[in-house]
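Chain residues, written in single-letter form:
There are 2 protein chains.
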Amino acid sequence: MNAEGIRKALAQVQDPERHKDIVSLGMVRDIVVEADTALDSGAKVEVQLTEMTEEERRKALQGQTQQGAAEHLNKVDHVLAIMSGKGGVGKSLVTGMLAVELARRGYRVGVLDADITGPSIPKMFGLTERPISGPIGIAPVKSKLGLSVMSINLLLPNEDDAVIWRGPLISGAVKQFWGDVYWGTLDYLLVDLPPGTADVPLTVMQSLPIDGIVLVTSPQDLAGMVVRKAANMAAQLDKPILGVVENMSHAICPHCGERIDLFGPSHLSAICEPLRVPVLGRIPIDAQIATLCDQGQVEDCVVPAFAQITDLVLAQVPAAGPISEAK
Amino acid sequence: MNAEGIRKALAQVQDPERHKDIVSLGMVRDIVVEADTALDSGAKVEVQLTEMTEEERRKALQGQTQQGAAEHLNKVDHVLAIMSGKGGVGKSLVTGMLAVELARRGYRVGVLDADITGPSIPKMFGLTERPISGPIGIAPVKSKLGLSVMSINLLLPNEDDAVIWRGPLISGAVKQFWGDVYWGTLDYLLVDLPPGTADVPLTVMQSLPIDGIVLVTSPQDLAGMVVRKAANMAAQLDKPILGVVENMSHAICPHCGERIDLFGPSHLSAICEPLRVPVLGRIPIDAQIATLCDQGQVEDCVVPAFAQITDLVLAQVPAAGPISEAK
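The listed protein sequences correspond, in order, to chains A and B.
Remember, this note's numbering sits 222 above the position in the first sequence when you count from 1.
Remember, this note's numbering sits 222 above the position in the second sequence when you count from 1.
Hints were generated in silico from the structure; no laboratory data involved.
Worth double-checking, as some hints may not be accurate.
When chains are identical, the list treats them as one kind, so a pair holds in a single copy or across two.
DSS-like cross-link-like pairs, simulated, lysine-lysine; straight-line CA separation at most 30 Å [to be verified]: (1) Lys-230 <-> Lys-397; (2) Lys-230 <-> Lys-366; (3) Lys-242 <-> Lys-397.
Here chain A stands alone, though its shape is the one from the complex (with noise of 0.2 Å):
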């Protein structure tokens, strides 16, 4: 492949807040093909990650959203990451609950979908809208209950394209859906992390701040494991943990109306005891809620167990301004 093929290549790379591709936009400097082998045959790419100039930067950015300038005008109360270290236990079930029961109690909620490769929160919330840009920084969409989302889904083309990036361009996004989108005014700003404990967990806890962490697990040990593994992340970066919860804790069989433990007995409070954090609640599997979730209507939930979650959250970081009325 010549460079013109790269540079044909590269101009298919999206640029993920001002919707051009990259090579338009100027970021792509210079290309050196230093023998003519062919890419698929493993020949060595060296990529060179380097800062745009000022003007690099400006020429990019024309007409479009001045960097950064949304983080200043934006007054968040609180940050709140939603965390597990595992995947698909149910982070942004619980993301989106708590945010939903925050909403209905009267605060300004906004949900940050952390999760670039995997996003589950527009899905959830029935969104397809795309965020509009202005000069102050992007838009997050609206949900039926008013609160402010924002989410790598809602700029794709197709909600199946797979954003096949490394970790530094993954931990960009991530910045600038805190620094140049307009969140305005929240009382709670909710953050849906993806699994591990790499490049988004880490730039979350260092870029944002995070005034504490909602851990969530499942009932099998193994989750609890990489749990723990997570929790050692957060104690680390000396980030406070609210609590834990259990999701998938059992199941209730709508024929006999039987109590379930699918993944076996509940090793919930092997994770709380050594860590000190209370048990925030134990969320069942419920047939219901996962069609729901799949249909975009969490927001017509109802889970009881969100009740004590969101009280128990409330009372460790309560909101600093008055509620604004109730929903």
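With the hints as your guide, set chain B onto chain A.
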């Protein structure tokens, strides 16, 4: 924090292969502090990554493994990646059970746990032994059934320790698990990928000779969307998908024996049809399997669905050599 403090902090970072810290290995060339601001207060940190010179590398490797030596001596017939995009759908269970079923049929099998920040494989196989490093490479740990296993968790002092690394380090570890581990002769090497479509799946697809990808999903449409992202990534990187396994397909009530669709109706055909790939199998939720995995006894599990899953995988990627002996 001054340069000495930073050097001290970096001296706690272990090189995953050489079991020595990166400072004493000579991997930290220089530390420059421009103003004596505390790191925790958000000072800007610039890290310049550069390749070690041949001399630096020789020094670091003195008396240690000869890098890349293992790769030339390994004879791995087929590399299969188990992928999902979504977390918590059972990639590790599918990896473990497929590996066990192949071993039961007499094949020589290895498992490369590429989930660096959320490794589940050692716990499932009940492995705690530390891999031994020799002149050719790191020897993987042997399971009860004789499978060769390599995972970052075998190298950590404590299984709960968090690996708080950014993408390049994580990708480097995965590459070492391929190039610096002495796998010997294997019919199948199964690679358990982490969730997402970022660094690790990209590194594995670009650096390992993947013969096929087994996709894992759960019945939720939300999971399906993220799995389609993974499928799109595989297509973009020209890697064949062998089919899709649906985990947590349903449960059988232990009280009344009725079938329960815990996550609502299956969307498996909606995933497989557009991809034109076969349904490999459907695995029910089973508390006994969860408990056996938690206890490190995946090799004692019998999950009937894996007879068919293994047949369908072998039909597409037949072993090159004869079966050594039935076990």
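Checked hints:
Proximity of Lys-230 and Lys-397 under a CA criterion of 30 Å is satisfied in both settings, with 27 Å inside one chain copy and 28 Å between copies. With identical chains, the CA atoms of Lys-230 and Lys-366 are never at most 30 Å apart, being 40 Å at best within one copy and 51 Å at best between copies. In the homo-oligomer, the alpha carbons of Lys-242 and Lys-397 lie at most 30 Å apart inside one protomer (18 Å), although the nearest pairing across protomers, at 33 Å, exceeds that limit.
The structure does not agree with numbered hint 2 stated previously, though it agrees with all others.
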